[in-house]
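First to last, the sequence lines map onto chains A and B. Everything in the first sequence is counted per my numbering, starting at 1 for the first residue and increasing by one. Everything in the second sequence is counted per my numbering, starting at 1 for the first residue and increasing by one.
Simulated from the structure, these hints should not be mistaken for lab results. Note that the structure is a prediction, hence the values are computed from the model and not measured. Everything hinted at is true.
For identical chains, the list gives no copy identity; a pair is met inside one copy or between any two copies.
Taking lysine-lysine and the DSS-like style, the derived pairs with C-alpha atoms no more than 27 Å apart in a straight line are:
1. Lys144 <-> Lys175
2. Lys144 <-> Lys156
3. Lys126 <-> Lys105
4. Lys88 <-> Lys107
5. Lys126 <-> Lys107
6. Lys107 <-> Lys43
7. Lys175 <-> Lys141
8. Lys42 <-> Lys175
9. Lys85 <-> Lys5
10. Lys110 <-> Lys13
11. Lys144 <-> Lys110
12. Lys13 <-> Lys106
13. Lys42 <-> Lys106
14. Lys156 <-> Lys141
15. Lys107 <-> Lys13
16. Lys88 <-> Lys110
17. Lys141 <-> Lys110
18. Lys155 <-> Lys144
19. Lys155 <-> Lys107
There are 2 protein chains.
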Amino acid sequence: VNYQKSDLIYEGKAKKVFAVTGHSDLIIQEFKNSLTAFNGEKKASVDKKGQLNISISTMLFKYLATRGIPSHWVKTDENLNMVCKKLKMIPVEVVVRNFVAGSLKKKFNKPEGEPIQPALVELYFKADDLGDPFISDEQAKWLKVSDQATLDSLKKLALQINKELTEIFPKVGLKLVDFKLEFGIDSDGKVLLGDEISPDTCRLWDLKTGEKLDKDRFRYDLGDVVEGYQKIFDKLSKLLEEK
Amino acid sequence: VNYQKSDLIYEGKAKKVFAVTGHSDLIIQEFKNSLTAFNGEKKASVDKKGQLNISISTMLFKYLATRGIPSHWVKTDENLNMVCKKLKMIPVEVVVRNFVAGSLKKKFNKPEGEPIQPALVELYFKADDLGDPFISDEQAKWLKVSDQATLDSLKKLALQINKELTEIFPKVGLKLVDFKLEFGIDSDGKVLLGDEISPDTCRLWDLKTGEKLDKDRFRYDLGDVVEGYQKIFDKLSKLLEEK
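Pulled out of the complex, with its shape left as it was, chain A reads as follows (with noise of 0.2 Å):
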């Protein structure tokens, strides 16, 4: 089938959601070049990104549904559009962390690189005007973000992606730090992985010189950033494209 863009729903900082011609249960995302960071604060344009990110998502999602881990991901083609499932959206980013960093280093003050175990599941409330703030469950629930059947499912799921992404990123000599993901509803209410599984998304870093190869090359201006996802996406490529 070729799914043809229609009307623009949505308009984020990376990406762009579009409606699809004649077919209402399913959108078009469209990963753009651009970049933010702090809430906002830092932007930038960078050639390749989208094309990168896309192409790494699409990897991640595929991986997944063999492992029996459904996405909202139905296709991506050659134009480099991400045909979806439409979910409703839950406004909360699920955060996975294996080893200390970013937000979590400063509230605590522990040392960057520091191993968690078991993994730590976090909830932040989407919300730009208030920096996406750190939720818990009760605050969650009082916000009526989602109930807690659903916020079970959540973290249960946001741990099963993790436990098979540290299972494929070592083989690739890269370490997976931690990363966000969104879910959604589809139209069985059933609960599924949405948005992308990117280097914009996860701190990736390489296993054994500890470069980091990943949105923090923006944000904190360690090196070129397509070069760092493009390792990713060399790296990952080799083992998930073999499969």
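Place chain B on chain A using the hints.
Leaving out everything else, chain B in the frame of chain A:
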């Protein structure tokens, strides 16, 4: 029994804690007149504050005991020393909120005074150097603050205490907006309410006028501190001393 202060074990921002001669299972809490806010940035000393807080705390601990909720409180002597069971304190502040105020208002940009139904329970990690950050259950377990069963019992106790307190405060013309509790484990391994319950640790508004009678008077320069605390004492003692 007349309990005698021995060594100073700990001096906090608002209390001194002493060992008790011949009673290794007890402590004596002495309430100071000092007030601090904003993680110690604002400081003052207010005559009579300590004695009002110990009197209010005593009334509330005694009342809760009659309602089947024991605390560390043993007796308050004529020198206004509070003799308490020695607890192994759990390094977490348990906050219960019935109406929006304070940091919750700021974090979520909600109107002050908006009712919260059911009451919201929050955990804050007791760590002065980190500014007592808000934490989730998962973070509490990662930080080895407590196990899940203990966290569950803290929250359950906090909500029971809230149920009791929200029954008495409106009877004396006060609105219990929110409050902070601390818990510890006694020598039998039982979770007991510790610390204090006072206008330093509760937000209490006049039910009719909305006047703030608690520590927010000090935080935001809203009026004479002791005058507010005295009003709370007078109202409460009318109800609780009659019993």
